[in-house]
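**Q** Going down the list, the protein sequences come from chains A and B. Counting in the working numbering, the first sequence runs from 1 upward without gaps. Counting in the working numbering, the second sequence runs from 144 upward without gaps.
If you're looking for bench data, these hints aren't it; they were derived computationally from the structure. Hints may contain errors.
[Said to hold, decoys possible] Stretches of chain B that chain A covers, calculated by requiring three or more beta carbons in the stretch to come under 8 angstroms of a beta carbon on chain A:
hint	region
1	157-166
2	200-209
3	223-234
4	244-252
5	274-281
[What the hints assert, rightly or not] Straight-line C-alpha distance at most 16 angstroms; calculated EDC-like pairs for lysine to aspartate or glutamate:
hint	chain 1	residue 1	chain 2	residue 2
6	A	Lys111	A	Asp56
7	A	Lys75	A	Asp104
8	A	Lys75	B	Glu196
9	B	Lys210	B	Asp275
10	B	Lys167	A	Asp56
11	B	Lys210	B	Asp220
For every residue, glycine included, the Cβ atom is placed at its ideal position computed from N, Cα and C.
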Amino acid sequence: MRVSQSTSSLADETPKPSKNRIAGTVYRGNEGMWSWVLHRITGIAIFFFLLVHVLDTAVVRVSPEVYNAVIGAYKNPIMGFGEIVLVGAVVFHALNGLRIIAVDMWPAATKIQRSLFWVVIALAVILVVGFSIRHIPNVLGAH
Amino acid sequence: MTIDNPNYAYPARSSNRKGPNLDKIGWVFMRASGVVLIVLIFGHLFYNLIWTEGGIQAITFGFVAGKWADPFWMWWDVIMLWLAFIHGSNGMRTVINDYVHKEGIRKVLIGAVVVAAAVLIILGTLITFTFDPCPAGADPELLPSFCATL
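Use the sequences and the hints to build the structure in full.
**A** Right, dumping it as C-alpha cells:
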C-alpha cells in the first residue's frame, strides 16, 4: 500500500490565487462550468414551477369548474411556449444529471466529460424538438 | 492501491464528526432519486402531453379524475411528489449554502424551503388520496364518464 502521488501532493499546498483572473482555474469558462451553471439554473426554475404546479393541481379539491379555470391558464400560446422551455429545462437537468452520475462513477466518463456535455445538449435538443412537434399543434388547436 | 492521506488538507469530512454522514446520504439520495425522477417525470410528461390526444388542451378535471381512479397513477403522482420535493429542496439547500453567507439569513431561507416542501408534500398527498372524482352536485359534463354509471 502506498499513498497516491496525486493525493499526497495536495497535503501541504495551500491553493494560491492566480494572477490571471480569467484562467484562475481550469474549470472556469469551459463545458464543465456551463454544465454546472445550467444544472443550477434549470434546477431552481423547476423547483419554483413545482411549487406552482402542486398548488394548481390541488385546486381539483375545490370544484371541477375552478380546476378547469385554473388549468386553462396553461392553454394559451404564451404558456404553451413556456411549457416548451420548461420541458427543455427538465430534459437538460435529467440528462446532465445522468452525465454527473457517469462522471462521478467511471473514470472513463470523467475523461470525456466535455464531450458528454455536448452529447447532453444534442439529446436535449432532439427531445425538445420532438416534444414541440407534438405540443405546438395541441397548443394552437382549439379544443 | 491508494488510501486516504491522513495529512490531506481538504478531507471529505472532519475526523471529529460523529453519527451518520448526512451530506453523504444526501449525495447518494440526489443521484438515486434523480434516476427514479427521470422515469416518473418523463412518464408524466409523455402520458399527459404526448400520448393523450389533445395534450395540454385535454387536461381537465375529468382527465385528472380519470387518472386518479386508478391507484397506479395515484401512487405514481404521490411518489413523484415526494421525491421531487425532497430532491428539489435539497438542491435549493445546496444553492443557499453556496451564496448566503450571513448565518441568520441562511437559516431563514433554508427554513422557508423546508416549510414550503413539507406543506406541499402533505397537501399533495392528502389531495391525491382524498380526491372525489364525482363530487355531488357538479355539472356531469365536467366529470369523467364513469360517474354517470355510479
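**Q** None of the hints should be skipped; say for each whether it holds.
**A** Comparing the hints with the structure gives:
1. Figure legend: the region 157-166 of chain B, annotated as covered by chain A; annotation inconsistent (0 residues with Cβ-Cβ distances under 8 angstroms, at least 3 required).
2. Against chain A, the region 200-209 of chain B contributes 8 residues with a C-beta closer than 8 angstroms to a partner C-beta. That satisfies the three-residue criterion, and the hint holds.
3. Only residues whose C-beta sits within less than 8 angstroms of a C-beta in chain A count toward coverage, and the region 223-234 of chain B has 6 of them, enough to reach three; the restraint holds.
4. Counting residues of the region 244-252 of chain B whose CB falls under 8 angstroms from any CB of chain A gives 0; the rule of at least 3 is not met.
5. Remark: the region 274-281 of chain B is confirmed as covered by chain A, as 3 of its residues place a Cβ nearer than 8 angstroms to a Cβ of that chain, reaching the required three.
6. Only pairs whose Cα atoms come within 16 angstroms are accepted, and A:Lys111 paired with A:Asp56 is rejected, the gap being roughly 44 angstroms.
7. For the hint linking A:Lys75 to A:Asp104, the alpha-carbon distance of about 40 angstroms lies beyond 16 angstroms, and the restraint is violated.
8. The suggested pairing of A:Lys75 with B:Glu196 holds, with an alpha-carbon distance near 15 angstroms, which does not exceed 16 angstroms.
9. For the given pair, B:Lys210 sits about 12 angstroms from B:Asp275 by alpha-carbon distance, which is consistent with the 16 angstroms threshold.
10. Restraint check for B:Lys167 and A:Asp56: the C-alpha separation of about 34 angstroms exceeds 16 angstroms, so the hint is violated.
11. A threshold of 16 angstroms between alpha carbons decides the hint, and for B:Lys210 with B:Asp220 the separation of about 10 angstroms falls inside it, so the pair holds.
Checked against the numbered hints given earlier, the structure breaks hints 1, 4, 6, 7, 10 and satisfies all the rest.
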